[in-house]
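Peer 1: Those protein sequence lines, which keep their order, are chains A and B.
Residue numbers 1 to 117, in our numbering, belong to the letters of the first sequence in order.
Residue numbers 1 to 112, in our numbering, belong to the letters of the second sequence in order.
Don't read these hints as lab results, they were simulated from the structure.
Any given hint might turn out to be false.
Distance ranges between label pairs, derived from CB positions [stated by the list, open to error]:
#1 B:K68 / A:P69: 41 to 47 Å
#2 B:S67 / A:H103: 18 to 24 Å
#3 B:G53 / A:N101: 16 to 22 Å
#4 A:S80 / B:T23: 35 to 41 Å
#5 A:K40 / B:K68: 25 to 31 Å
#6 A:N101 / B:P7: 29 to 35 Å
#7 A:T7 / B:E55: 32 to 38 Å
#8 B:Q79 / A:S20: 36 to 42 Å
#9 B:M80 / A:T115: 26 to 32 Å
#10 A:E53 / B:M80: 28 to 34 Å
From a predicted model like this one, the values you see are computed outputs, not experimental measurements.
Using N, Cα and C, we set each Cβ at its ideal position, and we do this for glycine too.
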Amino acid sequence: DTAVSQTPKYLVTQMGNDKSIKCEQNLGHDTMYWYKQDSKKFLKIMFSYNNKELIINETVPNRFSPKSPDKAHLNLHINSLELGDSAVYFCASSHSDPRENPHNEQFFGPGTRLTVL
Amino acid sequence: GQNIDQPTEMTATEGAIVQINCTYQTSGFNGLFWYQQHAGEAPTFLSYNVLDGLEEKGRFSSFLSRSKGYSYLLLKELQMKDSASYLCAVREWGNQGGKLIFGQGTELSVKP
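Looking at chain A on its own, in the form it has when it is part of the complex:
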């Protein structure tokens, strides 16, 4: 299936732990994103990479570090997890750089529900 996939789908962990979420897209897209959706359903951009170059880096704690080994993958590593990190994290991709092609829609992965206890 052509899609954006994320693993794991659910992640339950203790405060203070370090965890990673993986994302892969096989759509041949150049740009990938990480979003956080909180309990109030606000979807907020965290990071974006275009061809492995970081192009959006929102004000998120530096405990969050994205890594893009190639343009089909964008992983999110979170250090020293806190209760407030509990949310659904969505990965997304779009065909090309939104600065050049603003009409490009984003394709979202199924989300990773992170619960920090």
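With the hints as your guide, set chain B onto chain A.
Peer 2: Just chain B now, with coordinates in the frame of chain A:
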């Protein structure tokens, strides 16, 4: 700064028409998107407007007025499966990588 407002919830009847409004204030507007998100699922793209006017796509239409900072999503012949959250998102121009700013979403319930 950016501000996007949508009603939190709406209820409508199967077969009816519903209009979901979105107002926005942003520096450097570069297009407006509507996404649909069913509970527990990923958002999926519905429409994109960058010029004023109405874009029609089957049962769904989206309207934009840039001078008023206003958009609406119109859903016709409502079906039960249209019960979902509808997210308005504005594309910013400029040095922030063309990021999308999302509203909090409108939870639409379609009743028989």
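Peer 1: Determine for every hint whether it applies to the structure shown.
Peer 2: Against the structure, the hints:
no.: 1; hint: B:K68 / A:P69: 41 to 47 Å; verdict: holds, 45 Å
no.: 2; hint: B:S67 / A:H103: 18 to 24 Å; verdict: holds, 20 Å
no.: 3; hint: B:G53 / A:N101: 16 to 22 Å; verdict: holds, 21 Å
no.: 4; hint: A:S80 / B:T23: 35 to 41 Å; verdict: holds, 39 Å
no.: 5; hint: A:K40 / B:K68: 25 to 31 Å; verdict: holds, 26 Å
no.: 6; hint: A:N101 / B:P7: 29 to 35 Å; verdict: holds, 31 Å
no.: 7; hint: A:T7 / B:E55: 32 to 38 Å; verdict: holds, 36 Å
no.: 8; hint: B:Q79 / A:S20: 36 to 42 Å; verdict: holds, 39 Å
no.: 9; hint: B:M80 / A:T115: 26 to 32 Å; verdict: holds, 30 Å
no.: 10; hint: A:E53 / B:M80: 28 to 34 Å; verdict: violated, 44 Å
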